[in-house]
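Asker: Fit chain B to the known structure of chain A by using the hints.
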Amino acid sequence: MASTTTVEPGRAGAATRGRTRTAPRGATAAKVRSYIGIVLIVLFCLAPFYWMIVTSFRDVGYTFDNTPWPTHVTLDNYRTVFDTSLGNHFARALVNSAIIGVCTTILAVLFGVFAAYALARLDFRGKFVVLGVVLGASMFPGVALLTPLFQLFTNIGWFGTYQALIIPDISFALPLTIYVLTAFFAEMPWELEQAALVDGASPGQAFRKVILPLTAPGLFTTAILAFIAAWNEFLLASQLSSDKTQPVTVAIAGFTGSQPHQEPYTAIMAAGTVVTVPLVILVLILQRRIVAGLTAGGVKG
Amino acid sequence: MTVTSEAGTRDAEPGEPPKRRRRGRPELESAQNRLGFYLIVPAIIMLLIVIGYPVVRAVVMSFQKDPGLDPSTGLFVSGGFAGFSNYVHWIFQRCGDVKCPPGTLGSQFWPSMSATIFFTVASVTIEVVLGMWMALVMSRAFRGRGLLRASVLVPWAIPTAVTAKLWFFIFAFEGIANSLLHTEILWTGSKWPARIAVVVADVWKTTPFIALLILAGLQIIPGDVYEAAKVDGATAWQRFTRITLPLVRPALLVAILFRTLDVLRIFDLPYILTGGANGTTTLSILVVNQIRQGFNSAAALSTITFLFIFLVAFLFVKFLGANVVQTQQSQQKGAR
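First to last, the sequence lines map onto chains A and B.
With our numbering, the residue at position 104 of the first sequence is 104, and numbering never jumps.
With our numbering, the residue at position 141 of the second sequence is 141, and numbering never jumps.
The shape of chain B in the complex, shown without the other chains:
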């Protein structure tokens, strides 16, 4: 029988005397608390080491001055407390007392913010629409389900670094893209073609994954709902907008949330495909470029990036009500 964690204890044969029911005998409950604690602690400690420590350390670093020449006095400073100056440096693009000159990393904060947001909006929109269509095709495929599932997993399994190189080749000047489109575009040579190339590569790599997530959501919709709607004379379009969309909404929102947070930290694809040139420098690329020029300033930028992504996730859950934990658990039943 397929049961989720909470359902498991509740569904266990009702007539049976309660052996280890939830909220049963208090000593058993505290035993569960204790065992749960011991089992969880190693993983939590591990996460604290690999995530918690670096995050706290990054915040501490972001309030320290980078050693170097102070642009306003021309004297060497060896560090020390910086206040919010590293944050001011990025957000107001200030280098010392002046505006950061074009070409410096300091002047690239808002351009890379807008590139990141562009990639996120463009990729996620296309991926969700295309993914929805793919999921619908897959859900009503009479035959070839195995073939579909197999081919859909291929782009997902290929390392992003390889994907980037592959599309770099496809978008080469003499490459297959120009040859098929009968164009002579220098894809990685100017802003919009370069951005389009990155979006296309990202869409290819992750749409199938979105489709799988949506498909899992589609499969928990009971078929008789559609039968009833058909009997009542609903058109196919009505059935899609009135039944499929509302019922698949939780799964859809989770897919959109995952992908949004994923593209906001995008690095591999633009870094390898375009080298971050021509308006494809994302926030993550900017952090990496900054690291060798000053840790503390990079730490401030990575903290900004982290807070930005956190804010997006928060707004998502708050206003769209994407209940990740719950949807995950109900999908586990639908997935197989």
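Only chain A is shown next, with the shape it has when bound in the complex:
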């Protein structure tokens, strides 16, 4: 990538000196600085994550051992996480999160796909208004929805049900889906649709038979992003779920240990690892597409 290697080669002093005297030495200095930068970024991003995993395998008696590498390794914490005798129902919470995440994702993609197609491929009146509305919706503070929904769901007996958790999640999953999908649709090869239209297909057929199969990877990435957003949601779930329907984020926040007033750190780190590692693996497999989707849909950090 020519454009990127030349971007801003380094802090002023050294680079200038390197360029005027000996080019190779300047290049080496730039390389060294670049590697130091990479190492720092990787450390910054991964060190806390590493610490969570190391702690999750540490015996609870050595919680504050603070040795940077694994010591007193045990699987006890993972047993504690799935143990229900202390009132934690972590396995159930995992299932709840999966149900909420999958339903939210399906609904968001189902409704988002048509809107995104129209926004990316058609010229119609009010298009930019719709884009603005969608973007505005994705910036919306969750608490502004919470109070009326809390009252409404209490009144109609939905409080603590799955639908009471899925419907509010649409409020951020749908705008996200529309935005990311619009970006993916805008990248599709136009010519194929043109060809289908020339061959006598209706715009609807061109969409179903040509565009939809081509967008499968984009749809999948969008679905993953929506699922992650729903899986990570906490505010609405913490207020609208009951013990039976609470998702993992709420379960982890309220995790109780054997001693009152004593935070079961190692078990919580194990729970965090269980929740996070599948997500991280998924993200690493799809990293290229996710970065593209994220920078296009740039919402919900």
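No lab work stands behind these hints, which were simulated from the structure alone.
The beta carbon of each residue, even a glycine, is placed where N, CA and C say it ideally should be.
Do not rely on the hints blindly, as some may be mistaken.
[Stated by the list, open to error] Examples of chain A residues lying across from chain B (beta carbon under 7 angstroms, computed):
| no. | residue |
| --- | --- |
| 1 | GLY37 |
| 2 | VAL39 |
| 3 | PHE49 |
| 4 | TYR50 |
| 5 | ALA115 |
| 6 | ALA118 |
| 7 | PRO148 |
| 8 | ILE167 |
| 9 | LEU174 |
| 10 | LEU235 |
| 11 | ALA253 |
| 12 | VAL275 |
| 13 | VAL280 |
Answerer: Positioned in the frame of chain A, the structure of chain B alone reads:
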């Protein structure tokens, strides 16, 4: 070929007879209008149900009295029209005819407003500076791009609730933070350490995301601009301030806007990390604390929060000219 939506129709082979050009034959244009309408409507209806209805309902509720004892008369009131009294209650911290006593939720409006603003200014500033640096490192990385991108996505993928618990552990009294810093700070026990802990956790979680947004902006700057500047003898610092910054400005503004609006509604991190104690109660936390004490008053507060965030977004777009829609579309090209 990479094309955006408008460019798509314009770029299609110029010599070809216009089949379905924009502003081509009127009947085709109205067909597009119709199809566009039908495709958009389901999503808009959905958004009206999940966002529009609650917002309107919240505004209606905010003008209703909460059932309870009227502090001035001591009599039970069952609700009814409240006028602006719920708003007055929060903004002027009035409980009945007197100032809200310390410790009540009513007295916490301005403190939580200032905590929210502090978190926003501190987090966004650090994240943008650090994110800019990360984006520059990533853009000129010769090797290890895959590793960088992978590690940068890790903090983003971790649920905020888990992030909060993780940093709660790191900032525990006997935790690794005190051990590395050789300090004995009760991080969640007093105002500034608690606030710093929240900011640090937030910076860790979202700086990588900012870096990715800025990186996408950097990648659409053509390399020959730098070559030309180099030939003309511009120093690296000059190249940064005269080329990189102005050209990356749209992407930067969008990143700042997104993050600002995001931190203004911050809830998960302080709620779990510090429980909102010691000056870390944000507006969102205050709303949640209020809900079980009276819906209508909570609705007024959430409406204030919403209007405040809306106002910030408006000022941002108006005075800094952050053109979100346009930048998004140009970044889509740069992103891959």
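Asker: If a hint holds in the structure, say so; if it doesn't, say that too.
Answerer: Now the hints, each set against the structure:
Interface hint at GLY37 (chain A): satisfied, since its Cβ lies 4 angstroms from the closest Cβ of chain B, which is below the 7 angstroms cut-off. Given hint, VAL39 (chain A) at the interface with chain B, is violated; its Cβ is 9 angstroms from that chain's nearest Cβ, farther than 7 angstroms. Hint status for PHE49 (chain A) relative to chain B: holds, with the closest Cβ pair at about 5 angstroms, below 7 angstroms. A cut of 7 angstroms between beta carbons decides the hint on TYR50 (chain A): the least distance to chain B is about 10 angstroms, and the hint is violated.
With a least beta-carbon distance of about 4 angstroms to chain B, the hint placing ALA115 (chain A) at the interface is held under the 7 angstroms criterion. A least Cβ separation of about 4 angstroms between ALA118 (chain A) and chain B falls short of the 7 angstroms threshold, and the interface hint therefore holds. A distance limit of 7 angstroms between C-beta atoms decides the matter here; for PRO148 (chain A) the minimum to chain B is near 4 angstroms, and the interface restraint holds. Contact between ILE167 (chain A) and chain B, as hinted, is supported at the beta carbon level, the nearest pair being about 6 angstroms apart and thus within 7 angstroms.
The closest approach between the C-beta of LEU174 (chain A) and any C-beta of chain B is roughly 6 angstroms, which is under the 7 angstroms cut-off, so the hint is satisfied. Because the closest C-beta pair between LEU235 (chain A) and chain B is about 5 angstroms apart, less than 7 angstroms, the hint holds. Interface restraint check: ALA253 (chain A) against chain B, minimum CB-CB distance 5 angstroms, threshold 7 angstroms, status holds. A cut of 7 angstroms between beta carbons decides the hint on VAL275 (chain A): the least distance to chain B is about 6 angstroms, and the hint holds.
Hint status for VAL280 (chain A): holds, given a least beta-carbon distance of 5 angstroms to chain B, under 7 angstroms.
The earlier numbered hints that this structure contradicts are 2 and 4.
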